[in-house]
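Protein chains: 2
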Amino acid sequence: MLHSKININRLEKNLKDLSAVGKNDKGGIDRALGSEADREARKWLMAYWDKNLELPVKTDAIANMWVERAGIEGIAPIVIGSHHDTVPNGGMYDGALGVLLATELVQILEENNVTTRHPIAIVSFTGEEPNPFNVSTLGSRVVSGRVGKEELLGIKNIEDGTTLKDCIEKIGGDLEKIQDALIKTGDISAFIECHIEQGRRLVDANQAVASVNCIIGIYRENITIIGDANHAGTTVMRDRQDALLGACELNLAFEKILKDLESDEVVGTIGYLSVFPNAANIIPGEVELVLEIRTCEPQIKEDIVRKLSIEAEKIMKNRGVKIIRKVNLDQREMPMDETVMKAINKGIESIGEPVRELVSMAGHDAANMQRVTQSGMIFVQSIDGKSHCPTEKTHIKDIEKVGNAMLEALLILDRELD
Amino acid sequence: MLHSKININRLEKNLKDLSAVGKNDKGGIDRALGSEADREARKWLMAYWDKNLELPVKTDAIANMWVERAGIEGIAPIVIGSHHDTVPNGGMYDGALGVLLATELVQILEENNVTTRHPIAIVSFTGEEPNPFNVSTLGSRVVSGRVGKEELLGIKNIEDGTTLKDCIEKIGGDLEKIQDALIKTGDISAFIECHIEQGRRLVDANQAVASVNCIIGIYRENITIIGDANHAGTTVMRDRQDALLGACELNLAFEKILKDLESDEVVGTIGYLSVFPNAANIIPGEVELVLEIRTCEPQIKEDIVRKLSIEAEKIMKNRGVKIIRKVNLDQREMPMDETVMKAINKGIESIGEPVRELVSMAGHDAANMQRVTQSGMIFVQSIDGKSHCPTEKTHIKDIEKVGNAMLEALLILDRELD
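If you're matching them up, the sequences are chains A and B in order. Residue numbers for the first sequence follow the working numbering, beginning at 1 and rising by one. Residue numbers for the second sequence follow the working numbering, beginning at 419 and rising by one.
The hints are simulated quantities; they were obtained by calculation from the structure and are not laboratory data. Treat the hints with care, as some may be off.
Unchecked claim - Chain A is faced by these chain B residues, among others (derived, beta-carbon under 7 Å): (1) T652; (2) S768; (3) I769.
To be verified - Okay, the calculated bits of chain B under chain A, using three or more residues with CB under 8 Å as the criterion: (4) 458-470; (5) 612-618; (6) 656-668; (7) 702-716; (8) 779-792.
This one's a predicted model, so the numbers in the text were calculated from it and none came from an experiment. Even glycine gets a Cβ: it sits at the ideal position worked out from N, Cα and C.
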């Protein structure tokens, strides 16, 4: 059994060095899929791996980068990693921590001459964050077979019209050969991803780390509310069918349904809302909005949708507006693998921290990887729950904890899995 | 005393003919300030006046068009008219009716060889409707001295960046000579404008016409609501500062304040609302909206604003959001002239209709004209209260009534005024 610990100073330096790539003048990081900073970050990682691990990097057809340290048995690798891209004006931990911690784990194994039964591979996935190609967790989505060549070849950047094909070529992939990137059952023994929590549950409980038991399901409706776009002066109050007021009632009713559940593991949001014609002197005639529900329990989602329908009926009746609802996403929750979770929990116990299991309220590459191999995640506390912003931060002592817990979990899996 | 009546068939034909100018494929009329259709409508009117009245047209520096039939005394003219521009996809009565009825009145005087003490002038004002130069009732605003040369020279089209100067030149005006367009006290004896009501008060009362006792005051606030734009998945319900939910509460509270007044002559609307960043997976961090109140009673407006402040305080406290309010318009109500109103009421009596006085809930050129001469308005019923849309319509029998009532009012004023 290994009693080595990770080199936290080295990991801290690597986090800092990589964070300079794409740093903007607001203190945030712009490292979107296919950007110049994406390419630079890839170069940085490849140069680091080459220099410090002396292992070859394999870039697959969707431009995910893989580095593999050999094991002593002829079995499939255990993969660890995350992604190196960021949201616009994002932070330095979301994604990068998972990749650099995976790197640190392999480096510490190497330094200590630790042999493992399984090869241990590092992965940095392509385009995990939402981006103007409208496809998130792109790299893991492709390798898990959730999206095929034809669909990928049709994708364009909604902002500038450039193709995903050109974008992927620029970063070393090739959509024409996407079939080669598919991971088949048995290709990988297990996958573990370390990620910041991005919420307040750990900070509120004063805990450093947790294992993830389920990655949230995401349900979205496009809702159109149709009223009557009359003159805001000449239409008396009692004659109005104001689409925006209908939307306001719906949003508040939706919030009440959610709050009444008194749960920290189900959330609902209307984040997108547009008014037509959107002029100060015209009563809103139409509103388009996107309503989102996130939960790991399909029954709770159904229950919210049912209650929402009752509220929508009331609003239509009372206000004389029409409410047209269309499901545009119903992505099921993804429970994490029991064996991997147990190993992560033991890793957390091994560093003297309490075992805590959390639902991941955000999507992650691990949800796709769970489709092709047994997968798990380990969360580390986000200070103030902040993420996707320049002030995203994690205490270095907590990074040390999550690193040593993950190292232990990795070695447990290496012993236990075939 | 004249016992002639207007020629309703001719007026009906003229309304139909002018409505072809700028007609779009949705059945509406696109005749915005400075558009090709604006220029065509001007040509149509000038050709009609030239052919049927044989009177010269004077186009002033803001491109208002004036036609004057001589009186027999050396006194200032009584002016009648309205505007010929429309909102995008507007109707065929808003504005055009006032100009064509004024034309019909002069034509009928001419045909019947009726001499008047005052010259009777027709005016068709420039750019009465809201437009991308962000200045409505432009022509009457300029002649009444509400906006000066420097300000006008700085105005640009917010959609395409072109200048108001170029626009006005294209339609026959010249912003450099704007001083010449000013109307001084004594230049005009009185002003009467006929317009569709654009609301449901006449249709609900089954009445054809009304005189206007006051043109509504318009008060607008730009309101910014600042919350916290967090991750819509990882931020639990109780930790949110959702700016949109704050805006929803404010809008519903505002509606309740208005409805509790149980008045048809005070209205309030949030017609413009934008959400930032406006993404399905991000809690709205900021909302910008425009709130409008219309009333002829400043005290009622103050009262609404006071109640709104109480509600805004509650929302800030309960939701942890900031609400920043800034008055961007506080245009006072404009009571119409008593003498002109009395003449209009007598005109209405003369056709056997009940006298009804209404507040105009929309702004009109007459509000500007009241600043420089005694002014009044006569309203005619809008079917279903519709306006600013292709289905805007007025019964032809009601147009005949308003025409004859206005003819009578004009002759009364001609007799009574010096």
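Against the structure, the hints:
At its closest, the beta carbon of T652(B) sits 4 Å from a beta carbon of chain A; the interface hint therefore holds under the 7 Å criterion. The interface hint given for S768(B) is broken, as the beta carbon of that residue sits about 27 Å from the closest beta carbon of chain A, more than 7 Å. This hint is violated: I769(B) has a C-beta 24 Å from the nearest C-beta of chain A, more than the 7 Å allowed. With 0 residues having a Cβ less than 8 Å from any Cβ of chain A, the stretch 458-470 of chain B misses the three-residue criterion, and the hint is violated.
Look at the stretch 612-618 of chain B against chain A: 4 of its residues bring a Cβ nearer than 8 Å to a Cβ of that chain, three or more, so the hint holds. Chain A is given as covering the stretch 656-668 of chain B, and this holds because 8 residues of the stretch bring a CB closer than 8 Å to a CB of that chain, at least three being needed. Counting residues of the stretch 702-716 of chain B whose C-beta lies closer than 8 Å to any C-beta of chain A gives 4; at least three are required, and the coverage claim holds. With a cut-off of 8 Å between beta carbons, the stretch 779-792 of chain B has 3 residues touching chain A; three or more are needed, and the interface restraint holds.
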